[in-house]
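K.L.:
Residue strings, one per chain:
Number of protein chains: 2
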Amino acid sequence: MKTKKTLKKELRLVESLIKKDFVKEKTISDLYDHVFKSKGKKIRAKLNLISSSQNKKINKNHRIKLAAIIELLHTATLVHDDVVDNSPTRRGIESVNNIWTNAHGVLIGDYIYSKAFMYMVDIGNKKILKELSNATNDISQGELIQLDAMNNFEITLNKLKKISYYKTGRLFEASAKTGALLINANDKYINNIRNCAKDLGILFQIKDDLLDYSIESKIGKPNFQDLREGKVTYPFFYAYKNSNLNQKKELEKMMGNKKLNQKNTIKLVANLGGIEETKNLAKEYFNKSINSAKKIRNLKIREEMIELAKIAINRKK
Amino acid sequence: MKTKKTLKKELRLVESLIKKDFVKEKTISDLYDHVFKSKGKKIRAKLNLISSSQNKKINKNHRIKLAAIIELLHTATLVHDDVVDNSPTRRGIESVNNIWTNAHGVLIGDYIYSKAFMYMVDIGNKKILKELSNATNDISQGELIQLDAMNNFEITLNKLKKISYYKTGRLFEASAKTGALLINANDKYINNIRNCAKDLGILFQIKDDLLDYSIESKIGKPNFQDLREGKVTYPFFYAYKNSNLNQKKELEKMMGNKKLNQKNTIKLVANLGGIEETKNLAKEYFNKSINSAKKIRNLKIREEMIELAKIAINRKK
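If you read the protein sequences in the order shown, they are chains A and B. Under my numbering, the final residue of the first sequence carries the number 461; numbering is consecutive throughout. Under my numbering, the final residue of the second sequence carries the number 461; numbering is consecutive throughout.
If you are wondering where the hints come from, they were derived from the structure by calculation, not from laboratory data.
Any copy will do: because identical chains look the same in the list, a pair fits if it lies in one copy or spans two.
With a straight-line cut-off of 20 Å between C-alpha atoms, the simulated EDC-like cross-links for lysine to aspartate or glutamate are: (1) Lys164 - Asp282; (2) Lys427 - Glu451; (3) Lys170 - Glu298; (4) Lys168 - Asp282; (5) Lys303 - Glu169; (6) Lys209 - Asp266.
Fair warning: this is a prediction, and the values are worked out from it, not measured in the lab.
Looking at chain A on its own, in the form it has when it is part of the complex (with noise of 0.2 Å):
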């Protein structure tokens, strides 16, 4: 079992694994470069080698690489969601469709993915294999399905957390299963923990979704893009659901604005219970996911999911 230490070392190995990476073409190495100029929050590399820690037999070479690919399939999501989004920044800097063009982020994003299979091959576990084309699969359908709800004012709760499952919870919780499935874990080990990471996934979600109906907040995006772009996340969707006919108009107003007044919509979608009952939501698979902790057996990495749940639900940006 490895401690802290051990661990924010190995996130660096996985940092210099994924920058070491060798094209005598100048543009592409500077587009690479720039997608991993920011070093982002890592979670689920972390969830990956917390999930693969309990064996000290495995080849460490693996487990980094592991990590890695699930850090570049993440991001290839990313870049390619700057694009579907048109959004001009990630993690507080430039996007590549912003400095480049939507062209370059499609591609960069392809050439990333594919990065990933091949790392995958070296790795050659099949059930690895399995989970992580499923869940980019998975992962592609989220966002589809997410872009077809688009300005849908009677979207329900349900397709809202498959969204959610889809598009975070997915990969987190094969984060956490490739993790175990490395160090050949047992069917209870794996289903606990890819449970507690999914949950752990739709939490981190949630929260996103609170971020950006706050105004302080930092998480490297504008506020209230989500609203902007035609979204429809939690907070919008339980003020909503919640409002009379003459408010349902003025939410349906800001919706897909783009110079929506900030105080305004905060006032009103907090009024009519969209923050408070989506923090409630939020809390509910805090508690699934800490459930789902508690039965893991290896007493350290149960700590450290539930502390991972601890920060999910605390975090500020």
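Dock chain B against chain A, hints included.
P.N.:
Below, chain B without anything else, positioned relative to chain A:
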């Protein structure tokens, strides 16, 4: 060894396997259906089936699945290409980015890519996984290098050849190589058929570039699309190389010009030898491909490959 009739039947099986995609979400299945509505030439799937045809003992489902994977990978790159090029049509019908949005093109492309990897995992052949993940990475590199070369009048012939190989030759090569890998062929056969296919692919791309400079062509996309988009391809490259200062200026004005005069363009490029020299280059790759084909000991496969090369060099659309 399969007959032509069997090959046709198998290509139909490939098609139905691809179309057998079950997702409940309507938008996803609509997008997917649209992408696979137009059938395309399926030359890569054919190549793959020919390459894997000499071993009767092989799992038939795997043969069909592998050919489907090749088509899925190819289609995913086409869908992303249309976003990259902002192309309104593909295979004679409207592109995804045209009917829906760029965002849909990016995401359904990702969906199809990951689907291909899911199928690869089903087959479970590590060498095939390695070749196809490498090829996918090389293809994205080719596209990025091409993007970088936009409006670059000083591009070298070597760079253009690299683009043709990465963009097109690479997947042709992988189609033949993975077919041979599936049947556990010997290294000699693998090398001969992959080299043959690689040069066939480059030939295919050169012909594509030529067809873009012909007014009558019907490849399902508008003429002079490359030129209008600012892409330097072989006909332009040779014409520019052979031109004097005034002609260079004229050619430079045509590049990226959405409203160019088609007749003047073709006349200038042809007069400067752009068409003739590109045809010679095509002939060169045709000969290289035929030479590799002649080294294939299996007579039927050799003939099939030679026929494909002839189709490639003679195609009018």
